[in-house]
Amino acid sequence: MNLTEVATWRQARDFIDLPKRLYKNDPNWICPLDSDVEAIFDPSRNVFFSHGICKRWLLTNKQGEYIGRIAAFINHEKAFKNPQPTGGVGFFECIQDEKAAFLLLDTAKAWLKNNGMEAMDGPINFGENDKYWGLLIHGFKPPSLGMNYNLPYYKDFFESYGFTKLYDQFTNFLDATNPLPERFTRIADWVMKKPDYSFRHFSKAQFDQFAADFREIYNDAWSDFENFTPIEMGTIKESFRQMKAIMDEKIIWFAYYKNEPIAVVLCLPDVNQVLKHVHGKLNLWGKLKFFWYSKTMTVDRLRIIIMGCKKKFQNHGIESALIRCLQLEVLPRNTITGVELAWVGDFNDKMLALHEATGAKQDKIHRTYRYLFS
1 MNLTEVATWR QARDFIDLPK RLYKNDPNWI CPLDSDVEAI FDPSRNVFFS HGICKRWLLT
61 NKQGEYIGRI AAFINHEKAF KNPQPTGGVG FFECIQDEKA AFLLLDTAKA WLKNNGMEAM
121 DGPINFGEND KYWGLLIHGF KPPSLGMNYN LPYYKDFFES YGFTKLYDQF TNFLDATNPL
181 PERFTRIADW VMKKPDYSFR HFSKAQFDQF AADFREIYND AWSDFENFTP IEMGTIKESF
241 RQMKAIMDEK IIWFAYYKNE PIAVVLCLPD VNQVLKHVHG KLNLWGKLKF FWYSKTMTVD
301 RLRIIIMGCK KKFQNHGIES ALIRCLQLEV LPRNTITGVE LAWVGDFNDK MLALHEATGA
361 KQDKIHRTYR YLFS
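Per full-length UniProt numbering, residue 1 is the first one in the sequence shown, and the count goes up by one each step.
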């Protein structure tokens, strides 16, 4: 086996193309957009390069065929918030060969160690944890946009190497053809009628204001979680830029108390139902295919990717009211049959309780691991 650092345009292309061969016979796998993965490793598009570093490698067999890949990165804003300086590994792919897998992990570990790290988390993203984060250990079915999908034997690789569970993130599924529980609806409607509360859906024409509102809510709602780092406006703008082509303004809702932004739910169509036909490429031909399939098929699932509420307004039914806003918008369309409620850590008891209150059922689990070097 031969390990090569990604240093050229051709190698960067091979890094992106490797999974296309690895998963070619897996009916559940949906190829991520090449451009989205490229953006992760582009310093001009990923703001994490302003406070972090990254490296990638490819692994070939003796015939020169690519059989594995891995990326390692250090986010200097988060690395030193742990008991030991902690970097990350991600975008791991490998044939079913433990020696090959361990060589990739050893290489990432050595680079992280040489750069002052004493542990590594993985598989994670060189960015926010709303995409390309965690190892799929339950629910091997077609993924939504930005969600990791991997081969089942990866779990054995990580655990045999010495990684241990850090936390799980749950994706729960809500059958939209069934009504929400009566108690849930009653509380939500009661909150929505309170005179000091208002609810507005996102508008691209007022992007700057909504982006500022999102940042204010996010940086308050998640500030108590371990290793929290405030989100930057550049990250928000890049995320919304990537979502622009698939965004539906009327399924992104904000809650306000006397015009103060207090909560948000960010929901997207499960556009992977269409993107599976373009095989990762949105070139001219890919765009034509995307346009054709988007006009000739119905996307029948939504995914809630972020839901948050400022701490002082939690337990006031605000999140329930936001879900109710979504329901009142999408049900009359008569096209949506299901909603993925994601991306909830096993430590987030309040949001897990909310999911349970809607009647949602567990659908997928992604696990984040940690490996201590000593």
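Keep in mind the hints are simulated off the structure, nothing from the lab.
Being a predicted model, the structure only gives us computed values, none of them experimental.
Check each hint, because a few of them may be wrong.
Straight-line distance between alpha carbons at most 27 Å, and here's what the computed DSS-like set of lysine-lysine pairs gives [unchecked claim]:
1. Lys-62 x Lys-78
2. Lys-24 x Lys-204
3. Lys-193 x Lys-155
4. Lys-295 x Lys-204
5. Lys-258 x Lys-81
6. Lys-24 x Lys-141
7. Lys-24 x Lys-287
8. Lys-194 x Lys-244
9. Lys-237 x Lys-141
10. Lys-99 x Lys-81
11. Lys-250 x Lys-289
12. Lys-165 x Lys-81
13. Lys-165 x Lys-361
14. Lys-276 x Lys-311
15. Lys-258 x Lys-141
16. Lys-55 x Lys-20
17. Lys-287 x Lys-258
18. Lys-258 x Lys-155
19. Lys-204 x Lys-281
For each hint, the structure was consulted:
The suggested pairing of Lys-62 with Lys-78 is violated, with an alpha-carbon distance near 39 Å, which exceeds 27 Å. For the hint linking Lys-24 to Lys-204, the alpha-carbon distance of about 37 Å lies beyond 27 Å, and the restraint is violated. Only pairs whose Cα atoms come within 27 Å are accepted, and Lys-193 paired with Lys-155 is rejected, the gap being roughly 48 Å. Between Lys-295 and Lys-204 the alpha-carbon distance is near 22 Å, which keeps this suggested pair within the 27 Å criterion.
A threshold of 27 Å between alpha carbons decides the hint, and for Lys-258 with Lys-81 the separation of about 36 Å lies outside it, so the pair is violated. Between Lys-24 and Lys-141 the alpha-carbon distance is near 15 Å, which keeps this suggested pair within the 27 Å criterion. At most 27 Å may separate the alpha-carbon atoms for a hinted pair to count; Lys-24 and Lys-287 meet this at roughly 22 Å. A distance of roughly 32 Å separates the Cα atoms of Lys-194 and Lys-244; the hinted pair therefore is violated under the 27 Å criterion.
With a CA separation close to 30 Å, the supplied pair Lys-237 and Lys-141 exceeds the 27 Å bound. With a CA separation close to 32 Å, the supplied pair Lys-99 and Lys-81 exceeds the 27 Å bound. Taken as a hint, the Lys-250 and Lys-289 pair is honoured in the structure, with Cα atoms around 25 Å apart against an allowance of 27 Å. This hinted pair checks out: Lys-165 and Lys-81 have alpha carbons roughly 18 Å apart, not beyond 27 Å.
With a CA separation close to 23 Å, the supplied pair Lys-165 and Lys-361 stays within the 27 Å bound. Taking the CA atoms of Lys-276 and Lys-311, the gap is about 39 Å. The hint is violated against a cut of 27 Å. Distance hint between Lys-258 and Lys-141 is unfulfilled; the C-alpha atoms sit about 43 Å from each other, more than 27 Å. The straight-line distance between the Cα atoms of Lys-55 and Lys-20 is roughly 21 Å, inside the 27 Å bound, and the hint therefore holds.
Among the hinted pairs, Lys-287 with Lys-258 is inconsistent with the structure: their alpha-carbon atoms are about 43 Å apart, more than 27 Å. At most 27 Å may separate the alpha-carbon atoms for a hinted pair to count; Lys-258 and Lys-155 exceed this at roughly 48 Å. For the hint linking Lys-204 to Lys-281, the alpha-carbon distance of about 25 Å falls within 27 Å, and the restraint holds.
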